[in-house]
Amino acid sequence: MIHLTRLDSAPIVVNCDLVESIEATPDTLLSMTTGKKILVKESVAEVLDKVVAFKRLVAAGPRTHGAMSAQSDEAERGTP
Numbered sequence: 100m101i102h103l104t105r106l107d108s109a110p111i112v113v114n115c116d117l118v119e120s121i122e123a124t125p126d127t128l129l130s131m132t133t134g135k136k137i138l139v140k141e142s143v144a145e146v147l148d149k150v151v152a153f154k155r156l157v158a159a160g161p162r163t164h165g166a167m168s169a170q171s172d173e174a175e176r177g178t179p
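Under the numbering used here, residues 100 to 179 are what the sequence shown spells out, in order.
Bear in mind the hints are in silico, worked out from the structure with no lab data behind them.
Computed from a predicted structure; not experimentally measured.
Backbone N, C-alpha and C fix where the C-beta goes; we use that ideal spot for every residue, glycine too.
Careful, some of the hints might be misleading.
Taking lysine-lysine and the BS3-like style, the derived pairs with C-alpha atoms no more than 30 Å apart in a straight line are [said to hold, decoys possible]: (1) 154 to 140; (2) 154 to 136; (3) 135 to 154; (4) 135 to 149; (5) 149 to 136.
Ranges between beta-carbon positions, derived for each pair [what the hints assert, rightly or not]: (6) 148 to 119: 15 to 25 Å; (7) 162 to 134: 17 to 27 Å; (8) 151 to 131: 12 to 22 Å; (9) 159 to 107: 32 to 42 Å.
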């Protein structure tokens with residue numbers, strides 16, 4: 100999910116997996132796989148940057164900090 104801004108300055112969160120195409124018309128128009136069209140303030144490049152950042156976050160998987168803490172707790176208790 101990515102945070103964008105409608106032309107009327109209202110925030111919107113978009114499921115980037117449902118974006119079919121992005122056009123500069125001159126405003127940025129997102130065409131969704133559902134047939135819905137969304138006009139946003141962000142440029143095509145900004146939308147793409149947000150999509151790529153979100154996809155990288157998902158691909159990275161869960162944060163390891165929590166796993167490291169759990170392992171440290173087990174070590175302190177003497178359990179494997």
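Hint by hint, here is what the structure shows:
no.: 1; hint: 154 to 140; verdict: holds (21 Å)
no.: 2; hint: 154 to 136; verdict: holds (22 Å)
no.: 3; hint: 135 to 154; verdict: holds (22 Å)
no.: 4; hint: 135 to 149; verdict: holds (20 Å)
no.: 5; hint: 149 to 136; verdict: holds (18 Å)
no.: 6; hint: 148 to 119: 15 to 25 Å; verdict: holds (18 Å)
no.: 7; hint: 162 to 134: 17 to 27 Å; verdict: violated (36 Å)
no.: 8; hint: 151 to 131: 12 to 22 Å; verdict: holds (18 Å)
no.: 9; hint: 159 to 107: 32 to 42 Å; verdict: holds (34 Å)
Hint violations for this structure: number 7 only, all remaining hints satisfied.
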